[in-house]
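Participant: Sequence:
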Amino acid sequence: MAIDVSIALATYNGSRYITELLDSIKSQTYNNFIIHVCDDGSSDNTLELLHQHPLYTEGKLIVHDVTGGQGALKNFKRSLSYCNTDYICLCDQDDYWMPDKLETLLSSMKDKENEFGEPVLVFSDLEVVDSTLNCIHSSFFRISNKSNQCSNPEDFLISNHIPGCVMMFNRSLKSLFEPIPDDVRMHDWWIALIAAYYGNIFYVNKPLIKYRQHGGNVVGASGMFKQDGITLTMIKNIPELLRRNNIITKRFVERFNNLAKPTVKNDKFLSLVLGKITYKERLSLLKKVKSGESKYLTYLIWWFI
1 MAIDVSIALA TYNGSRYITE LLDSIKSQTY NNFIIHVCDD GSSDNTLELL
51 HQHPLYTEGK LIVHDVTGGQ GALKNFKRSL SYCNTDYICL CDQDDYWMPD
101 KLETLLSSMK DKENEFGEPV LVFSDLEVVD STLNCIHSSF FRISNKSNQC
151 SNPEDFLISN HIPGCVMMFN RSLKSLFEPI PDDVRMHDWW IALIAAYYGN
201 IFYVNKPLIK YRQHGGNVVG ASGMFKQDGI TLTMIKNIPE LLRRNNIITK
251 RFVERFNNLA KPTVKNDKFL SLVLGKITYK ERLSLLKKVK SGESKYLTYL
301 IWWFI
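Take 1 as the starting number for the sequence shown in this note's numbering and just add one per residue.
Everything labelled a hint here was simulated from the structure, so no lab data went into it.
Ideal Cβ positions, reconstructed from N, Cα and C, are used throughout, including at glycine.
Be aware that a few hints might be false.
[Stated by the list, open to error] Label-pair ranges, simulated between beta-carbon atoms:
#1 23 - 72: 15 to 25 Å
#2 69 - 247: 19 to 29 Å
#3 100 - 64: 24 to 34 Å
#4 172 - 246: 41 to 51 Å
#5 237 - 23: 32 to 42 Å
#6 59 - 20: 36 to 46 Å
#7 52 - 242: 20 to 30 Å
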């Protein structure tokens, strides 16, 4: 049977949790997958553990590039370049997959493809856990400042809401978002934005990974929890948020100009990023934004976009 799910795994000094991750993938109820690993020059025994794991000896895990100095974004880009199956997942080295993660996402993906066509991205909830997998909260989206209702491109103007580790997308979406620009903040933000504009995004209301919070992973731990108001720290971060927004919208316009012009569901978004939108239209879009971010911060940033 041909492999139909590729898993892109980017590693760097991940020896503490990598075996536990791979064990959880090996225990999947759906096993027609291949893992493509690129390592960013680990100085610990990550590579040794990868080569020792049964998934490697069974031919279900392939280690490709191991040169360092790439950084997380470029290392994921390398891993993704080897993923040429119908469906692709992203994988973080310190997470733990629920046994039905692939089966559940793939079932949702095929249902949505049949109903809406391609491209499609599906994603799930996450159980937030500590370093030893003890539950901190049963739902990432209930406690975080991210929204599981995001589906339109304007929802992703300020930040990403979909952790890459719970995404599954199809090959047609991959053909649109690659190559990922080197200067966007993270690969999953870019993937989500392209999916929202050119395709459809759907949420599976079930935690399918244990999302580990520990001292070694600053992504996700800092600024995770909901804040209703606006703080001085938020205000100080506005210039950086605007800088990131400027980069990703600039790259989006470049990608739009380089692709064939398909019929899309939201031409107002293109008008927004091109600066060809009235204040009234901007306000109308803003009112529809689905974001877990502070509404005050959202309104403030949109004022400057």
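Participant: Of all the hints numbered above, which does this structure not satisfy? Sort the numbers upward.
Facilitator: 4, 6, 7
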